[in-house]
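Asker: Residue strings, one per chain:
Number of protein chains: 2
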Amino acid sequence: MKTAARTVFKTDWFTVDALPQMGQKPYYRLTCNDSAVVVAQTVKGEVIFIRQFRQALGKFKLELPAGEINPGESPKEAARRELLEETGYNCRSLHLVGRFHVSPDRINSSVYCFFAKEARKMKANPRADLEIRVVPIPAGRFAQRIRDSWESISVSSVGFYQMAKIKGFLQ
Amino acid sequence: MKTAARTVFKTDWFTVDALPQMGQKPYYRLTCNDSAVVVAQTVKGEVIFIRQFRQALGKFKLELPAGEINPGESPKEAARRELLEETGYNCRSLHLVGRFHVSPDRINSSVYCFFAKEARKMKANPRADLEIRVVPIPAGRFAQRIRDSWESISVSSVGFYQMAKIKGFLQ
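As you go down the protein sequences, you meet chains A and B in turn.
Mapping to our numbering: the first sequence position 167 is 1500, numbers consecutive.
Mapping to our numbering: the second sequence position 7 is 1340, numbers consecutive.
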């Protein structure tokens, strides 16, 4: 960065930083921990989405499994852990799709997107307290399922799915 | 909302709100103005992307034209204005693709996505102070151009592009 950022507000999950701008009010951005998101394909060819309640919106959203990378954890380890915690699925191998930004206008953190190959159900249910419903979507019915979930689909998850497809991981 | 949000930090562009949680620290979310994003197709069949510097990241990103909805402005008016301001293109008509959320884990605001039909260059250059480069991408070469811009592409823009496609606006 060319200019020094100054933290003006802090929570356990993010800070608000002010970036000085010549002759203007500062530019405010959020800095969070980086996170990992997983496009996991099951042995049957489905991609695993989850339906979860999002407190920030007060709404249920259909999204890919994802979460923050813990201190000392690699992005890949975080991807495997989040997949297992949120869906009960494990996978044979994980491949980096890319490192992306979701809200480049406001949030200064990266999202590492992984493709998980040959995902298999290991646990009957994910942690009950997470209140997450697992929604496996057959790759061939993706567009139809998105049309059916138009109000609740996360547009970033559609973007990550598409990136995995463009990279050649999904047909 | 079931619980009352309390504003704990405020800028001209967003507020940080704390949502009380039983027996836990509050959940912090951002509330911004809603915004509009445009998937604009030119009369030649290209989709208009822009390359712009994002201060929050200190990087250039390839994105769809977008911006905040001003007070008193409809989402559609904002879409037309942002398209013209950022790219110099006007369009024959605008069609709502949908109302989406980009960072459902943290940001409480909606993004109205529009498809702009028959976009035509009206002005030689967008406002010079915005430092935006217009990047028209032929629909048939979208995947290749994304692969070429892997480091800088906005994953949400890929999501919006895909939503316009699933809705049938783009082939």
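Everything labelled a hint here was simulated from the structure, so no lab data went into it.
These figures come from a predicted structure and were not determined experimentally.
Some hints could be false.
It does not matter which identical chain is meant; a pair holds if it fits inside one copy or across any two.
Taking lysine to any residue pairs in the SDA-like style, the calculated list, with each CA pair at most 25 Å apart, reads [as the list claims (entries may be wrong)]:
{"no.": "1", "residue 1": "Lys1392", "residue 2": "Ala1338"}
{"no.": "2", "residue 1": "Lys1456", "residue 2": "Pro1353"}
{"no.": "3", "residue 1": "Lys1500", "residue 2": "Glu1484"}
{"no.": "4", "residue 1": "Lys1456", "residue 2": "Arg1414"}
Asker: Please go over all the hints and tell whether each is borne out by the structure.
Answerer: Verification of the supplied hints:
1. When the C-alpha separation of Lys1392 and Ala1338 is checked against a cutoff of 25 Å, the pair qualifies only between copies, where the shortest distance is 15 Å, while the shortest distance within a copy is 33 Å.
2. Within a single copy, Lys1456 and Pro1353 get their C-alpha atoms no closer than 50 Å, and across copies no closer than 32 Å, so neither meets the 25 Å cut-off.
3. Taking the shortest Cα distances, Lys1500 and Glu1484 sit within 25 Å of each other only across copies (13 Å), while inside one copy they are farther apart (27 Å).
4. Proximity of Lys1456 to Arg1414 under the C-alpha cut-off of 25 Å is restricted to the intra-copy arrangement: shortest distance 13 Å within a copy versus 51 Å between copies.
Hint compliance for this structure: hint 2 alone is broken.
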